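Chemist: Sequence:
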Amino acid sequence: GLRTLVRRRPGIRVPGAFCGFEFALRALLRGSARSSVASDDLSRRVVWELGAPIETDIPALSRLSPSAGRVADAGAAKLVQLGVSPRRAAAVISLASGVALGAISFEPGVDVGATRQTLMQLDGVGRRLATTIVMRALYWPDAFPAADRALQRAAGAANARELLARSEQWRPWRAYAALHLWLHDEDRAGE
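Read in order, the letters of the sequence shown correspond to residues 17 to 207 in this note's numbering.
Note that these hints are calculated values from the structure, not bench results.
Please read these numbers as outputs of a predicted model, since none were measured by experiment.
Some clues are possibly wrong.
[What the hints assert, rightly or not] Label pairs and their computed distance ranges (CB to CB): (1) V22 to E178: 18 to 26 Å; (2) R24 to G99: 19 to 27 Å; (3) F34 to A93: 47 to 55 Å; (4) I28 to N175: 22 to 30 Å.
The beta carbon of each residue, even a glycine, is placed where N, CA and C say it ideally should be.
Please work from the sequences and hints to get the whole structure.
Modeler: Listed below in C-alpha coordinates is the structure:
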(Lines of atoms letter the chains of each structure in order from A and count residues from 1; the text may use other names and numbers.)
(Lines give C-alpha, C1' and ligand atoms only; values in the text may rest on other atoms or scores of the structure.)
Protein backbone atom coordinates (compact mmCIF):
# COMPACT_ATOMS: atom_id res chain seq x y z
CA GLY A 1 0.00 0.00 0.00
CA LEU A 2 3.01 2.33 0.12
CA ARG A 3 4.93 1.26 -2.99
CA THR A 4 4.69 4.67 -4.70
CA LEU A 5 5.84 6.54 -1.60
CA VAL A 6 8.74 4.15 -0.99
CA ARG A 7 9.89 4.47 -4.60
CA ARG A 8 9.89 8.25 -4.22
CA ARG A 9 12.17 8.07 -1.15
CA PRO A 10 14.02 4.75 -1.13
CA GLY A 11 16.19 4.01 1.87
CA ILE A 12 14.51 6.52 4.16
CA ARG A 13 15.25 6.02 7.86
CA VAL A 14 13.32 7.06 10.94
CA PRO A 15 15.50 9.58 12.75
CA GLY A 16 16.47 8.56 16.24
CA ALA A 17 17.49 10.71 19.16
CA PHE A 18 20.88 10.90 20.83
CA CYS A 19 19.22 11.63 24.14
CA GLY A 20 15.73 10.25 24.75
CA PHE A 21 14.90 12.74 27.47
CA GLU A 22 15.95 15.65 25.27
CA PHE A 23 13.67 14.42 22.48
CA ALA A 24 10.76 13.83 24.87
CA LEU A 25 11.23 17.30 26.39
CA ARG A 26 11.20 18.92 22.96
CA ALA A 27 8.12 16.91 21.93
CA LEU A 28 6.26 18.07 25.04
CA LEU A 29 7.32 21.68 24.50
CA ARG A 30 6.23 21.48 20.86
CA GLY A 31 2.74 20.58 22.05
CA SER A 32 2.65 23.69 24.23
CA ALA A 33 3.27 26.11 21.34
CA ARG A 34 0.86 27.35 18.67
CA SER A 35 3.28 27.05 15.73
CA SER A 36 6.63 25.55 14.84
CA VAL A 37 8.26 28.99 15.15
CA ALA A 38 6.74 29.48 18.60
CA SER A 39 7.83 25.94 19.49
CA ASP A 40 11.43 26.69 18.51
CA ASP A 41 11.36 29.94 20.51
CA LEU A 42 9.95 28.16 23.55
CA SER A 43 12.56 25.40 23.31
CA ARG A 44 15.34 28.00 23.05
CA ARG A 45 14.06 29.82 26.14
CA VAL A 46 13.90 26.61 28.17
CA VAL A 47 17.37 25.49 27.05
CA TRP A 48 18.85 28.94 27.66
CA GLU A 49 17.35 29.15 31.13
CA LEU A 50 17.83 25.57 32.32
CA GLY A 51 20.66 24.19 30.17
CA ALA A 52 24.25 24.24 31.36
CA PRO A 53 26.63 26.62 29.57
CA ILE A 54 29.18 25.08 27.24
CA GLU A 55 32.14 26.65 25.47
CA THR A 56 32.58 25.81 21.80
CA ASP A 57 34.01 27.44 18.71
CA ILE A 58 30.46 27.83 17.44
CA PRO A 59 28.89 31.01 18.87
CA ALA A 60 25.30 29.75 18.51
CA LEU A 61 26.15 26.55 20.40
CA SER A 62 26.45 27.81 23.95
CA ARG A 63 24.14 25.61 26.03
CA LEU A 64 23.57 21.93 26.63
CA SER A 65 20.05 20.63 26.73
CA PRO A 66 18.90 20.58 30.36
CA SER A 67 19.10 17.31 32.25
CA ALA A 68 15.98 15.67 33.63
CA GLY A 69 17.09 16.50 37.17
CA ARG A 70 17.59 20.15 36.34
CA VAL A 71 14.16 20.42 34.72
CA ALA A 72 12.49 18.61 37.64
CA ASP A 73 14.23 20.90 40.12
CA ALA A 74 13.09 24.00 38.20
CA GLY A 75 9.45 23.10 38.76
CA ALA A 76 6.29 23.77 36.82
CA ALA A 77 6.07 27.43 37.90
CA LYS A 78 9.42 28.17 36.24
CA LEU A 79 8.32 26.50 33.01
CA VAL A 80 5.07 28.48 33.01
CA GLN A 81 7.12 31.64 33.53
CA LEU A 82 9.10 30.67 30.41
CA GLY A 83 5.89 30.34 28.39
CA VAL A 84 4.94 26.67 28.75
CA SER A 85 1.22 26.11 29.28
CA PRO A 86 0.39 25.06 32.85
CA ARG A 87 -0.90 21.63 31.83
CA ARG A 88 2.10 20.92 29.62
CA ALA A 89 4.46 22.22 32.32
CA ALA A 90 3.00 19.67 34.73
CA ALA A 91 3.55 16.92 32.13
CA VAL A 92 7.15 18.04 31.57
CA ILE A 93 7.85 18.01 35.31
CA SER A 94 6.26 14.56 35.69
CA LEU A 95 8.41 13.25 32.84
CA ALA A 96 11.59 14.90 34.13
CA SER A 97 10.98 13.61 37.66
CA GLY A 98 10.33 10.11 36.36
CA VAL A 99 13.55 10.12 34.34
CA ALA A 100 15.59 11.69 37.16
CA LEU A 101 14.33 9.06 39.63
CA GLY A 102 14.84 6.18 37.21
CA ALA A 103 11.14 5.32 36.87
CA ILE A 104 11.27 6.22 33.16
CA SER A 105 14.23 5.22 31.05
CA PHE A 106 15.17 5.86 27.45
CA GLU A 107 18.21 3.60 27.59
CA PRO A 108 18.74 0.92 24.93
CA GLY A 109 17.16 -2.39 25.81
CA VAL A 110 14.29 -1.08 27.95
CA ASP A 111 10.83 -2.49 27.34
CA VAL A 112 9.35 -0.20 24.70
CA GLY A 113 5.74 -1.14 25.44
CA ALA A 114 6.16 -0.58 29.17
CA THR A 115 7.84 2.79 28.57
CA ARG A 116 5.02 3.83 26.25
CA GLN A 117 2.43 2.81 28.86
CA THR A 118 4.28 4.76 31.55
CA LEU A 119 4.39 7.84 29.34
CA MET A 120 0.64 7.59 28.66
CA GLN A 121 0.00 7.63 32.40
CA LEU A 122 1.46 11.14 32.61
CA ASP A 123 -1.27 13.77 32.54
CA GLY A 124 -1.01 15.55 29.21
CA VAL A 125 0.69 12.69 27.33
CA GLY A 126 -1.66 10.76 25.10
CA ARG A 127 -1.18 7.68 22.95
CA ARG A 128 -0.02 9.64 19.89
CA LEU A 129 2.65 11.62 21.76
CA ALA A 130 3.86 8.61 23.76
CA THR A 131 4.15 6.56 20.57
CA THR A 132 6.08 9.31 18.80
CA ILE A 133 8.47 9.64 21.75
CA VAL A 134 9.28 5.92 21.90
CA MET A 135 9.53 5.77 18.11
CA ARG A 136 12.36 8.29 18.13
CA ALA A 137 13.88 7.94 21.59
CA LEU A 138 13.94 4.13 21.67
CA TYR A 139 14.23 3.50 17.92
CA TRP A 140 11.02 1.43 17.87
CA PRO A 141 10.55 0.39 14.22
CA ASP A 142 6.92 -0.68 14.70
CA ALA A 143 5.68 2.48 16.41
CA PHE A 144 2.61 3.82 14.68
CA PRO A 145 0.60 6.77 16.07
CA ALA A 146 -2.64 5.98 14.22
CA ALA A 147 -4.44 8.86 15.95
CA ASP A 148 -2.22 11.35 14.11
CA ARG A 149 -4.46 13.29 11.72
CA ALA A 150 -1.65 13.84 9.19
CA LEU A 151 -1.15 10.07 8.92
CA GLN A 152 -4.88 9.55 8.47
CA ARG A 153 -5.02 12.24 5.75
CA ALA A 154 -2.01 10.89 3.89
CA ALA A 155 -3.34 7.32 3.94
CA GLY A 156 -6.89 8.37 3.04
CA ALA A 157 -8.23 6.80 6.24
CA ALA A 158 -11.41 8.11 7.81
CA ASN A 159 -10.22 7.58 11.39
CA ALA A 160 -7.60 6.01 13.64
CA ARG A 161 -9.34 2.64 13.72
CA GLU A 162 -9.33 2.37 9.92
CA LEU A 163 -5.70 3.44 9.71
CA LEU A 164 -4.67 1.02 12.45
CA ALA A 165 -6.33 -1.86 10.60
CA ARG A 166 -4.59 -0.87 7.37
CA SER A 167 -1.23 -0.54 9.15
CA GLU A 168 -1.20 -4.23 10.09
CA GLN A 169 0.22 -5.02 6.64
CA TRP A 170 3.26 -2.84 7.40
CA ARG A 171 4.30 -4.68 10.59
CA PRO A 172 6.96 -4.77 11.99
CA TRP A 173 8.10 -1.60 10.19
CA ARG A 174 5.18 0.73 10.77
CA ALA A 175 7.40 3.61 11.95
CA TYR A 176 8.88 3.69 8.43
CA ALA A 177 5.38 3.70 6.98
CA ALA A 178 4.52 6.61 9.29
CA LEU A 179 7.52 8.57 8.09
CA HIS A 180 6.60 8.02 4.44
CA LEU A 181 3.02 9.08 5.16
CA TRP A 182 4.09 12.21 7.09
CA LEU A 183 6.37 13.26 4.26
CA HIS A 184 3.61 12.59 1.73
CA ASP A 185 1.22 14.75 3.76
CA GLU A 186 3.83 17.56 3.86
CA ASP A 187 4.36 17.29 0.09
CA ARG A 188 0.62 17.60 -0.55
CA ALA A 189 0.32 20.56 1.83
CA GLY A 190 3.11 22.35 -0.04
CA GLU A 191 1.42 21.95 -3.42
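Chemist: Each hint needs a verdict: does it hold in this structure or not?
Modeler: Status of each hint after checking the structure:
Here the CB-CB span from V22 to E178 is close to 21 Å, well matched to the stated 18 to 26 Å. A hinted range of 19 to 27 Å for the beta carbons of R24 and G99 is inconsistent with their spacing of about 38 Å. Distance hint for F34 and A93: a CB-CB separation of about 29 Å, inconsistent with the stated range 47 to 55 Å. For the hinted restraint 22 to 30 Å between I28 and N175, the CB-CB distance of approximately 26 Å keeps it satisfied.
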